[in-house]
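A.B. asks: This is what each chain is made of:
Protein chains: 2
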Amino acid sequence: MKINADRLWNTHKILASFTEPERPYTRRSFTPLYKEARAWLEKAFKEIGLVVKYDAAGNLTGLYEGETNQIVAVGSHTDTVPAGGRFDGVSGVLSFLEVARCMRENNYVPKKSILGIDFLAEEPSEFGLSCIGSRLATGNFNDDMLSLRHHKTNQSLLDVVDEFGGNTAALKQGKSTFDVEKMDAYFELHIEQGPILEKKELDVGLVTCICSVTRYDFTIFGRADHAGNTPMDMRADAVVSAAKMIDMISKIAHESLDSGIFFTATVGNMSVYPNASNVIAKRVNFTLDIRSEDNNLVAKNLAKIFDGVSEIEQETNTKIEYKKISQDEPALSDEKLLSILENNAKKLDLKYTRLLSGAGHDAAYMCTKMPMAMIFIPCKGGRSHLPEESTTKTQLENGANLLLESLITCTS
Amino acid sequence: MKINADRLWNTHKILASFTEPERPYTRRSFTPLYKEARAWLEKAFKEIGLVVKYDAAGNLTGLYEGETNQIVAVGSHTDTVPAGGRFDGVSGVLSFLEVARCMRENNYVPKKSILGIDFLAEEPSEFGLSCIGSRLATGNFNDDMLSLRHHKTNQSLLDVVDEFGGNTAALKQGKSTFDVEKMDAYFELHIEQGPILEKKELDVGLVTCICSVTRYDFTIFGRADHAGNTPMDMRADAVVSAAKMIDMISKIAHESLDSGIFFTATVGNMSVYPNASNVIAKRVNFTLDIRSEDNNLVAKNLAKIFDGVSEIEQETNTKIEYKKISQDEPALSDEKLLSILENNAKKLDLKYTRLLSGAGHDAAYMCTKMPMAMIFIPCKGGRSHLPEESTTKTQLENGANLLLESLITCTS
Numbered sequence: 001m002k003i004n005a006d007r008l009w010n011t012h013k014i015l016a017s018f019t020e021p022e023r024p025y026t027r028r029s030f031t032p033l034y035k036e037a038r039a040w041l042e043k044a045f046k047e048i049g050l051v052v053k054y055d056a057a058g059n060l061t062g063l064y065e066g067e068t069n070q071i072v073a074v075g076s077h078t079d080t081v082p083a084g085g086r087f088d089g090v091s092g093v094l095s096f097l098e099v100a101r102c103m104r105e106n107n108y109v110p111k112k113s114i115l116g117i118d119f120l121a122e123e124p125s126e127f128g129l130s131c132i133g134s135r136l137a138t139g140n141f142n143d144d145m146l147s148l149r150h151h152k153t154n155q156s157l158l159d160v161v162d163e164f165g166g167n168t169a170a171l172k173q174g175k176s177t178f179d180v181e182k183m184d185a186y187f188e189l190h191i192e193q194g195p196i197l198e199k200k201e202l203d204v205g206l207v208t209c210i211c212s213v214t215r216y217d218f219t220i221f222g223r224a225d226h227a228g229n230t231p232m233d234m235r236a237d238a239v240v241s242a243a244k245m246i247d248m249i250s251k252i253a254h255e256s257l258d259s260g261i262f263f264t265a266t267v268g269n270m271s272v273y274p275n276a277s278n279v280i281a282k283r284v285n286f287t288l289d290i291r292s293e294d295n296n297l298v299a300k301n302l303a304k305i306f307d308g309v310s311e312i313e314q315e316t317n318t319k320i321e322y323k324k325i326s327q328d329e330p331a332l333s334d335e336k337l338l339s340i341l342e343n344n345a346k347k348l349d350l351k352y353t354r355l356l357s358g359a360g361h362d363a364a365y366m367c368t369k370m371p372m373a374m375i376f377i378p379c380k381g382g383r384s385h386l387p388e389e390s391t392t393k394t395q396l397e398n399g400a401n402l403l404l405e406s407l408i409t410c411t412s
Numbered sequence: 001m002k003i004n005a006d007r008l009w010n011t012h013k014i015l016a017s018f019t020e021p022e023r024p025y026t027r028r029s030f031t032p033l034y035k036e037a038r039a040w041l042e043k044a045f046k047e048i049g050l051v052v053k054y055d056a057a058g059n060l061t062g063l064y065e066g067e068t069n070q071i072v073a074v075g076s077h078t079d080t081v082p083a084g085g086r087f088d089g090v091s092g093v094l095s096f097l098e099v100a101r102c103m104r105e106n107n108y109v110p111k112k113s114i115l116g117i118d119f120l121a122e123e124p125s126e127f128g129l130s131c132i133g134s135r136l137a138t139g140n141f142n143d144d145m146l147s148l149r150h151h152k153t154n155q156s157l158l159d160v161v162d163e164f165g166g167n168t169a170a171l172k173q174g175k176s177t178f179d180v181e182k183m184d185a186y187f188e189l190h191i192e193q194g195p196i197l198e199k200k201e202l203d204v205g206l207v208t209c210i211c212s213v214t215r216y217d218f219t220i221f222g223r224a225d226h227a228g229n230t231p232m233d234m235r236a237d238a239v240v241s242a243a244k245m246i247d248m249i250s251k252i253a254h255e256s257l258d259s260g261i262f263f264t265a266t267v268g269n270m271s272v273y274p275n276a277s278n279v280i281a282k283r284v285n286f287t288l289d290i291r292s293e294d295n296n297l298v299a300k301n302l303a304k305i306f307d308g309v310s311e312i313e314q315e316t317n318t319k320i321e322y323k324k325i326s327q328d329e330p331a332l333s334d335e336k337l338l339s340i341l342e343n344n345a346k347k348l349d350l351k352y353t354r355l356l357s358g359a360g361h362d363a364a365y366m367c368t369k370m371p372m373a374m375i376f377i378p379c380k381g382g383r384s385h386l387p388e389e390s391t392t393k394t395q396l397e398n399g400a401n402l403l404l405e406s407l408i409t410c411t412s
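If you're matching them up, the sequences are chains A and B in order.
Reminder that position 313 of the first sequence reads as 313 in our numbering, one-by-one numbering, no gaps.
Reminder that position 187 of the second sequence reads as 187 in our numbering, one-by-one numbering, no gaps.
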């Protein structure tokens with residue numbers, strides 16, 4: 001059994017067409033566009049006889065029924081960052097669709113059922129939180145997260161999840177929305193979003209660990225004064241304070257390069273209020289995004305950052321507040337599943353390596369409830385989260401065939 | 001003759017009602033709201049028999065006709081910054097309206113006519129330029145300015161000025177849209193936007209010099225990569241580069257405090273693209289706003305800033321581009337007009353001082369074509385460009401009476 005590479009490529013084109021026309025490729029979670037794309041996917045699942053269901057967390061699932069109640073799960077997501085790409089998340093979901101189509105064409109009846117999952121809102125959404133569907137589905141949430149509000153509309157997270165197929169009243173802290181006792185394994189295929197596979201000319205990467213993601217919201221309070229009539233020594237400038245914070249954070253992260261432990265700290269979004277060139281900024285908000293394979297190093301570096309706050313507050317006459325949005329643990333892949341992937345890669349004559357994921361994935365949350373392993377496929381220049389994000393038809397084909405082969409190993 | 005303080009206060013309330021309801025007090029230039037407010041003003045001008053006209057630069061003018069063709073001008077503006085106040089600009093325009101009402105009630109027939117001007121778009125608009133009406137009216141513009149485009153709609157400046165009453169086809173480089181040969185004087189009443197009058201418990205300030213305003217647009221180009229999978233030493237992060245630039249600019253401006261020469265440098269607006277917490281920023285734009293009484297110091301400090309660019313480019317692997325938006329000269333008030341104001345302040349028993357304006361005003365452009373003087377009235381805490389901006393009824397009354405008295409001196 002082999003997947004149909006042209007068909008897989010074609011479904012990528014279809015899903016890419018669900019984009020904000022002015023800003024390809026943008027299909028933000030919790031938008032009408034996102035709903036349309038998922039309706040298309042739901043229809044495609046139904047056409048090959050999958051049992052379609054939304055779970056309580058708003059994840060769209062399609063079940064390829066096997067002979068028993070045991071389940072092997074496969075998933076990823078179909079939302080994008082603003083001005084994102086056509087493969088991140090999408091390739092995982094569409095590889096499952098292609099694998100299921102291929103199995104159905106070949107009248108394959110697995111012993112275990114195969115559950116394909118399109119997780120709700122994997123990318124950081126307007127709620128400032130990522131992996132909403134997989135967090136909620138696996139009980140990895142707390143009251144703070146549930147009380148988050150949409151940055152623009154101020155709607156509550158719970159209301160919006162329900163609007164997108166969920167049933168949040170049924171969510172129970174710590175309980176999964178899936179029947180996890182019956183689930184043996186979770187696989188996720190994803191583009192690498194890094195340069196290693198391309199550089200080493202490899203076909204696939206077998207992920208050994210997904211770095212933890214830690215996010216903090218920073219709010220800096222200054223005083224809005226006239227840019228012309230307020231002498232430099234009488235200001236409380238939130239932009240200058242933010243600049244000093246970001247410079248300090250970047251320096252602390254660079255210092256960790258020597259440790260040999262993977263650590264990144266990024267400020268990728270920032271908003272300035274009132275944001276007029278002749279008004280000293282009253283307030284700046286930004287999110288700090290930290291990734292590492294070692295949460296002890298994260299704690300150490302966060303302590304350094306927080307230590308620097310009071311000096312910057314004093315120097316700039318501003319007030320700096322910060323609040324943890326989320327922090328998870330590094331997620332380790334299952335050695336048995338890794339071996340299955342490795343053996344099948346050899347069987348399919350694919351060049352591979354084991355590697356680490358600096359990016360977070362829904363797999364990291366599924367990993368808290370069942371054995372997990374991920375397949376990475378190369379992407380051009382290691383780049384993602386931008387319109388130029390790309391992978392080739394052959395690279396996709398290789399990854400999807402490895403997924404197909406490994407699902408057969410696990411379910412037959 | 002004395003102005004009616006209650007009526008003056010009441011017209012402030014009326015004009016304040018033309019605001020974005022969600023974001024008081026916001027009446028941005030080139031919006032339908034701004035057009036509505038000016039229509040109200042036009043009606044008020046007409047009700048007291050002023051001859052109403054829009055000049056080629058889109059400035060709304062009301063002429064109180066005198067016995068001769070000679071003209072004394074008075075003006076300010078009615079647009080606001082985002083989330084601005086109820087007095088900045090507004091008090092100057094409404095003081096003229098009140099003075100004209102008072103003169104009409106007293107059947108005052110001046111020798112010279114009095115021209116009240118509501119200048120178009122004084123605050124930095126969505127074109128990144130301030131004082132559009134007074135620049136265009138006095139020929140203080142160049143082709144770069146005329147080719148500016150609206151940040152959001154991409155409309156050309158010329159089209160928009162025409163839409164707001166102008167006739168830009170008739171603008172001629174260097175020529176004024178006013179009959180400047182017949183104009184003897186320009187007065188402008190404005191809130192101080194600084195703390196001095198309040199601190200010294202004075203009634204009015206007589207402005208000796210308006211600082212020059214210099215604006216540069218900065219664009220920083222980085223590379224949008226995944227925040228998780230891009231090690232710290234492989235990044236081109238536009239946010240980090242911008243942070244280092246802003247920190248450097250602030251330090252250079254602080255160093256000038258020792259010189260005793262007034263100098264400020266402000267970054268009050270900033271936009272990050274794509275502005276997602278898990279994407280390293282590809283681009284940052286910000287505007288640098290510089291005020292000083294000495295353009296030699298401005299040149300010296302700009303050179304220091306530009307010198308620092310290449311080091312930051314190298315350190316952050318980014319490209320930093322900058323472009324001058326505008327630069328003007330410090331504007332000196334006319335000594336004869338200052339004496340008239342001073343004598344009348346004494347006559348009205350007002351406590352006053354001479355002072356400098358760090359804020360730019362339409363007066364700085366009018367000053368290039370005729371003698372100019374400004375009256376400052378105190379504002380609470382010296383603060384402006386924010387909803388809490390305030391001045392008292394008595395402070396307004398004092399300023400408007402000084403304006404009335406001085407217009408009588410100049411026109412009778």
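Keep in mind that the hints were calculated from the coordinates and are not lab data.
Backbone N, C-alpha and C define an ideal beta-carbon position, used for all residues, glycine too.
Careful: at least some of the hints might be erroneous.
[As the list claims (entries may be wrong)] Here's a subset of chain B near chain A, in silico, CB distances under 10 Å, partners left out:
{"id": "1", "residue": "4"}
{"id": "2", "residue": "5"}
{"id": "3", "residue": "244"}
[Unchecked claim] Using C-beta positions, here's what the derived DEER-type ranges look like:
{"id": "4", "chain 1": "A", "residue 1": "13", "chain 2": "B", "residue 2": "306", "range": "41 to 51 Å"}
{"id": "5", "chain 1": "B", "residue 1": "151", "chain 2": "A", "residue 2": "152", "range": "14 to 24 Å"}
{"id": "6", "chain 1": "A", "residue 1": "170", "chain 2": "B", "residue 2": "147", "range": "52 to 62 Å"}
{"id": "7", "chain 1": "B", "residue 1": "297", "chain 2": "A", "residue 2": "153", "range": "40 to 50 Å"}
{"id": "8", "chain 1": "B", "residue 1": "323", "chain 2": "A", "residue 2": "13", "range": "36 to 46 Å"}
{"id": "9", "chain 1": "A", "residue 1": "234", "chain 2": "B", "residue 2": "297", "range": "51 to 61 Å"}
{"id": "10", "chain 1": "A", "residue 1": "311", "chain 2": "B", "residue 2": "297", "range": "21 to 31 Å"}
{"id": "11", "chain 1": "B", "residue 1": "323", "chain 2": "A", "residue 2": "346", "range": "32 to 42 Å"}
{"id": "12", "chain 1": "B", "residue 1": "300", "chain 2": "A", "residue 2": "13", "range": "50 to 60 Å"}
A.B. asks: If a hint holds in the structure, say so; if it doesn't, say that too.
C.D. replies: We went through each hint and held it up to the structure:
Hint status for residue 4 of chain B relative to chain A: violated, with the closest Cβ pair at about 29 Å, above 10 Å. Given the 10 Å rule on beta carbons, the hint for residue 5 of chain B is violated: about 26 Å separates it from the nearest Cβ of chain A. Interface hint status for residue 244 of chain B: upheld, as the beta-carbon distance to the closest one in chain A is roughly 6 Å, under 10 Å. Between residue 13 of chain A and residue 306 of chain B the Cβ separation comes to about 47 Å, which falls inside the hinted range of 41 to 51 Å.
A beta carbon spacing of about 19 Å between residue 151 of chain B and residue 152 of chain A agrees with the range 14 to 24 Å that was offered as a hint. Remark: the range hint 52 to 62 Å for residue 170 of chain A to residue 147 of chain B is upheld by a beta-carbon distance near 59 Å. Against the hinted window of 40 to 50 Å, the Cβ-Cβ separation of residue 297 of chain B and residue 153 of chain A comes to about 47 Å, which satisfies the hint. The given range of 36 to 46 Å is respected by residue 323 of chain B and residue 13 of chain A, whose C-beta atoms sit roughly 40 Å from each other.
Range check, residue 234 of chain A to residue 297 of chain B: about 19 Å between beta-carbon atoms, so the 51 to 61 Å window is missed. One distance hint, 21 to 31 Å for the beta-carbon pair residue 311 of chain A and residue 297 of chain B, holds here, with the actual separation near 29 Å. Our hint of 32 to 42 Å for residue 323 of chain B and residue 346 of chain A is violated, since their Cβ atoms are close to 57 Å apart. Range check, residue 300 of chain B to residue 13 of chain A: about 57 Å between beta-carbon atoms, so the 50 to 60 Å window is met.
Comparing the model with each earlier hint shows violations of hints 1, 2, 9 and 11; every other hint is respected.
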